[in-house]
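Trainee: Based on the hints, put chain A in the right spot on chain U.
Listed below are the residues making up each chain.
Number of protein chains: 2
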Amino acid sequence: MVEQPTPHLIRVRVMPEYTVTVGAGVLASVPQSVGERHLALVSDQTVADLYEAQVAGALRGAGAEVASFHVPPGEDSKSHERWLGLLRGFVRAGLDRDAAVVALGGGVVGDLAGFAAASYLRGLAWYLLPTSLLAMVDASVGGKTAIDLPEGKNLVGAFWQPRAVISDVRTLRSLPSRAFRQGGVELFKTGMLADPALLDRFDAGFGPDAPEEELAEMIARSVAVKARVVSADEREAGVRAHLNLGHSLAHALEAVTAHTLPHGEAVAYGLHYAAIIGRRRGLADVSDRTAALLAWARPAPLPRVTFDDLAPYLARDKKNRGGRQRFVLLEALARPVIVDDVDRREQERAWELLEEEVGR
Amino acid sequence: MVEQPTPHLIRVRVMPEYTVTVGAGVLASVPQSVGERHLALVSDQTVADLYEAQVAGALRGAGAEVASFHVPPGEDSKSHERWLGLLRGFVRAGLDRDAAVVALGGGVVGDLAGFAAASYLRGLAWYLLPTSLLAMVDASVGGKTAIDLPEGKNLVGAFWQPRAVISDVRTLRSLPSRAFRQGGVELFKTGMLADPALLDRFDAGFGPDAPEEELAEMIARSVAVKARVVSADEREAGVRAHLNLGHSLAHALEAVTAHTLPHGEAVAYGLHYAAIIGRRRGLADVSDRTAALLAWARPAPLPRVTFDDLAPYLARDKKNRGGRQRFVLLEALARPVIVDDVDRREQERAWELLEEEVGR
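Protein sequences appear in the order of chains U and A.
Residues in the first sequence are numbered from 1 upward in steps of one, following this note's numbering.
Residues in the second sequence are numbered from 1 upward in steps of one, following this note's numbering.
Think of the hints as simulated: they come from the structure by calculation, not from any bench.
Watch out, some of these pointers could steer you wrong.
Put simply, identical chains are the same to the list, so a pair is met inside one copy or across any two.
To be verified - Pairs of lysine to any residue residues, derived as SDA-like cross-links and limited to a Cα-Cα distance of at most 25 Å, are as follows:
1) Lys153 x Leu84
2) Lys153 x Gly238
3) Lys153 x Leu302
4) Lys153 x His38
5) Lys153 x Gly85
6) Lys153 x Ile338
7) Lys153 x Ala67
8) Lys153 x Glu331
9) Lys153 x Gly94
10) Lys153 x Leu329
11) Lys153 x Gly123
12) Lys153 x Ser79
13) Lys153 x Arg316
14) Lys153 x Glu348
15) Lys153 x Arg88
16) Lys153 x Asp195
17) Lys153 x Val342
18) Lys153 x Gly74
19) Lys153 x Asp98
20) Lys153 x His80
21) Lys153 x Ala93
22) Lys153 x Arg326
23) Lys153 x Arg92
24) Lys153 x Glu217
25) Lys153 x Glu214
Isolated chain U, as found in the complex:
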C-alpha cells in the first residue's frame, strides 16, 4: 500500500457548494464522493487506457452500474456531434434523472462531458476527475462547460457546477512535458492575479517530475485563488473576468491558427501582450515576468499572421459587453483591472512589439 499524504481540500462556495480535492493517490477515494448508482464514465481513449479501469473498478466495487464512453483525444471532440453522441448514448444506457456523469480526463473531456451532463434531461449531477495540470488549475473551479462551433471555441455551453472535483497529481506523471506546460501557464496567471509567490517556482526544474507534495500544494493554492474569485461572482458578470488575463489575444491566436497553437502557449503570448499594453499605458511593468514565463513555457513560434488577421477574433471575445472590447490588465502584481478603451491602434502597436520582443 502506497502511503497517502493528506490531500488538500478547497471548498468552492457556489450553489450548491462543492469540494475540490487535490492530492497524490486520491483517485482511490472517488467512490466516497459519488453517491449515484447509475453512472456514465466519459473519457478520451488515451486517458481511458491509463486510468479508466481503476476508476470504473472502484465505482463498480462500491455497487454502481457504470457505462463507459470514449471520445478521441483532442479539441476536435468538443463538437456538437460528439456531444450529441454522448446524449444518445446516455439514452441507450438508460440513464434517468438520478444518474450522474463522471468526466475523467483533461479540459476537453471535462467541457464536453460537463455540457452533456448540463443538458441531458435538463441537467444531471456530474463529477470531474481532471488528469491534466491545465484541467486541475483551470477547469476544476467555475462550472464552465462548453462545446465549440465552427465559428469559434466555447460558443455553446452552460454554467453547471460539478458535485465534486478530485485531482490526483499522480496522473500528471503520465502527462507529456509540453502538455504540463499548458497548465503551468494558467498557474502562473493565477499567481500574477493574486499569489505572486507562485511565480518564483517557475524555474527550469518545474515540470511533471516535481515532487508530488509540491505539485499538490501549488495546484491547491491556484485553485484556492480561483475559488475565491468565482465564489464572489458565479456568473462572470464582474471580477471573475479577471481570470481572463491574457485570454483575449490567446483566443484570437488559437482561432487564427485553427487551434494548432495550444491554449497555454497562446495564453503565455497573451499574458505578455497584456503586459506590453499595460507597460505602454504606464501601469505596472510586469513584462519581465511574462518574458520569463515565455522562456519557461517554450511555446511554438508566434503565428505568422498580421494584426488584421487577429482583429475580427478579438472583436468577438466573450468578455466584450455591449459591443465594446474589454481587456484585463495589471495595475500591479495581484491588482488586476478591466479596461474598455484600448483602441485598435494601441492593440496593433502592442502586437508589433510582441512580435519584436519574442524575436520572431
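Mentor: Leaving out everything else, chain A in the frame of chain U:
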C-alpha cells in the same frame, strides 16, 4: 386606438423573479419589458407572417437592433439541427453576452429558442411571447427549455428562466380551433390539480372566440396555479411533478405515434387513464370529469397500439427515479399524490379499460 383592458400580472418567484403579463393587446408593451439593445427574434414562419412585423417594429422603434430567425412550424423544428442553426446564426448576427433572445410563437418556438438562449455563450437573457393557448398556460412558467432526440421528446434542454413572459390573448384569435383545444386540456389539468372551478367553464362554447376578458382571466388563474407550484420547487424534485398529471401515458402515446397525436389530445387521454387507475385503487373517482374533457377536446382516435408498444416509453418517463415508474394520481380534486407502485398488470388493465371507455 383599441381600448386596453388592465392586464393580469403574475409574479413567478424563482431566481431571478419575473412577471407573466396576460391581457388583450399587451404585445404593444413588449419594448417596456426588453432592456437589451441587440436582439434575436425567433419565430416560426406562420407566426412570423402574423405578428413579427408588429413586434420587431415596436422593438426597433424603441432603439433595438433586431435580427429575425424563422424555423418551420411544427415539432420537427425542436431538433438539434435547428438549435445549431440558431446558434450559428446568433454568431453571424454578432450577438454578445449583453444580447437577448425573444421567442415569439407556440411551445415549439419557446422550447427551441429558450434552449438556444440557455446555451449560447453559456446563457443569454430571453423573453417569451406565447401565441398559442398551450404555450400561454404551459410554457410561460417553469423555465423548461428543450429539444428532442430521435430517441424521444425533450431529452435535451435546460431550466432557464425567461426575464418576462407576455401573453397577448388577441393572438389566440388566429389560433385554429383544434390547436386551441390542446391548450384547453392543460388548462383543465391545472383546474383538476388546484382550481376546480375552472373545470365548469369547459362547455361547448369555450373556444378561441370566447370573450378576451374571460380568456385572460382563465389563463391568468392557470398560470397562477403553476407559478405557485414552480416557485416552491424550481428544479422539479418534488411537488412540481404534480404538473405531470396525465403526462406519463401522454408522452408514450406521442412517442408511439411519432408525434402525429398532438400533445393536448394525448394529455386528455392520459388524464382519463390516470383517473381510471385512481378509480380502480379506490382513490377519488374523477373519471366522469375526464370523460367530459374528452368529449370537449374531441381528440383524434386512440392509436391502435398494444400495451406492449407503450410500455418501453412509459418506462423511460422523465419522472421515473432510481429505475421506478412514478404516476401522478388524484386523491380528490385539487389533491394530487405521487405513487411509484403501479405495477405492469395494473397499467395494462387501465389501458384496456381506456380503450373500452373511449369506444375505439
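Trainee: The structure should be examined with respect to each hint, and the outcome stated for every one.
Mentor: We went through each hint and held it up to the structure:
With identical chains, the CA atoms of lysine 153 and leucine 84 are at most 25 Å apart both within one copy (17 Å) and between copies (14 Å). In this homomeric assembly, lysine 153 and glycine 238 come within 25 Å of each other (Cα to Cα) only inside a single copy, at 22 Å, whereas the closest approach across copies is 37 Å. For a Cα distance limit of 25 Å, the shortest separation of lysine 153 from leucine 302 inside one copy, 20 Å, qualifies, whereas the shortest one across copies, 48 Å, does not. Proximity of lysine 153 to histidine 38 under the C-alpha cut-off of 25 Å is restricted to the inter-copy arrangement: shortest distance 22 Å between copies versus 31 Å within a copy.
With identical chains, the CA atoms of lysine 153 and glycine 85 are at most 25 Å apart both within one copy (19 Å) and between copies (16 Å). For the homomeric pair lysine 153 and isoleucine 338, the shortest alpha-carbon distance inside one copy (22 Å) is at most 25 Å, but the shortest distance between copies (44 Å) is not. Taking the closest pair of Cα atoms, lysine 153 and alanine 67 come within 25 Å of each other only across two copies (23 Å); inside a single copy the shortest separation is 28 Å, beyond that limit. Taking the shortest alpha-carbon separations for lysine 153 and glutamate 331, neither the intra-copy value of 29 Å nor the inter-copy value of 52 Å comes in at or below 25 Å.
Proximity of lysine 153 to glycine 94 under the C-alpha cut-off of 25 Å is restricted to the inter-copy arrangement: shortest distance 15 Å between copies versus 31 Å within a copy. Proximity of lysine 153 and leucine 329 under a CA criterion of 25 Å is satisfied intra-copy only: 23 Å inside one chain copy versus 47 Å between copies. Both within a single protomer and between protomers do lysine 153 and glycine 123 lie at most 25 Å apart by alpha-carbon distance, with minima of 22 Å and 15 Å respectively. When the C-alpha separation of lysine 153 and serine 79 is checked against a cutoff of 25 Å, the pair qualifies both within a copy, at 10 Å, and between copies, at 22 Å.
In this assembly of identical chains, the alpha carbons of lysine 153 and arginine 316 lie at most 25 Å apart only when taken from the same copy (11 Å versus 34 Å across copies). Proximity of lysine 153 and glutamate 348 under a CA criterion of 25 Å is satisfied intra-copy only: 23 Å inside one chain copy versus 50 Å between copies. Proximity of lysine 153 and arginine 88 under a CA criterion of 25 Å is satisfied in both settings, with 23 Å inside one chain copy and 12 Å between copies. Proximity of lysine 153 and aspartate 195 under a CA criterion of 25 Å is satisfied in neither setting, with 29 Å inside one chain copy and 49 Å between copies.
When the C-alpha separation of lysine 153 and valine 342 is checked against a cutoff of 25 Å, the pair qualifies only within one copy, where the shortest distance is 23 Å, while the shortest distance between copies is 48 Å. For a Cα distance limit of 25 Å, the shortest separation of lysine 153 from glycine 74 inside one copy, 13 Å, qualifies, whereas the shortest one across copies, 31 Å, does not. In the homo-oligomer, the alpha carbons of lysine 153 and aspartate 98 lie at most 25 Å apart only across protomers (18 Å), although the nearest pairing inside one protomer, at 31 Å, exceeds that limit. Taking the shortest alpha-carbon separations for lysine 153 and histidine 80, both the intra-copy value of 12 Å and the inter-copy value of 18 Å come in at or below 25 Å.
Only between protomers do lysine 153 and alanine 93 lie at most 25 Å apart by alpha-carbon distance; the minimum there is 17 Å, versus 29 Å within a single protomer. Proximity of lysine 153 and arginine 326 under a CA criterion of 25 Å is satisfied intra-copy only: 18 Å inside one chain copy versus 41 Å between copies. In this assembly of identical chains, the alpha carbons of lysine 153 and arginine 92 lie at most 25 Å apart only when taken from different copies (14 Å versus 29 Å within one copy). Within a single copy, lysine 153 and glutamate 217 get their C-alpha atoms no closer than 31 Å, and across copies no closer than 47 Å, so neither meets the 25 Å cut-off.
Taking the shortest Cα distances, lysine 153 and glutamate 214 never come within 25 Å of each other, neither inside one copy (33 Å) nor across copies (50 Å).
Checked against the numbered hints given earlier, this structure breaks hints 8, 16, 24 and 25; the rest are met.
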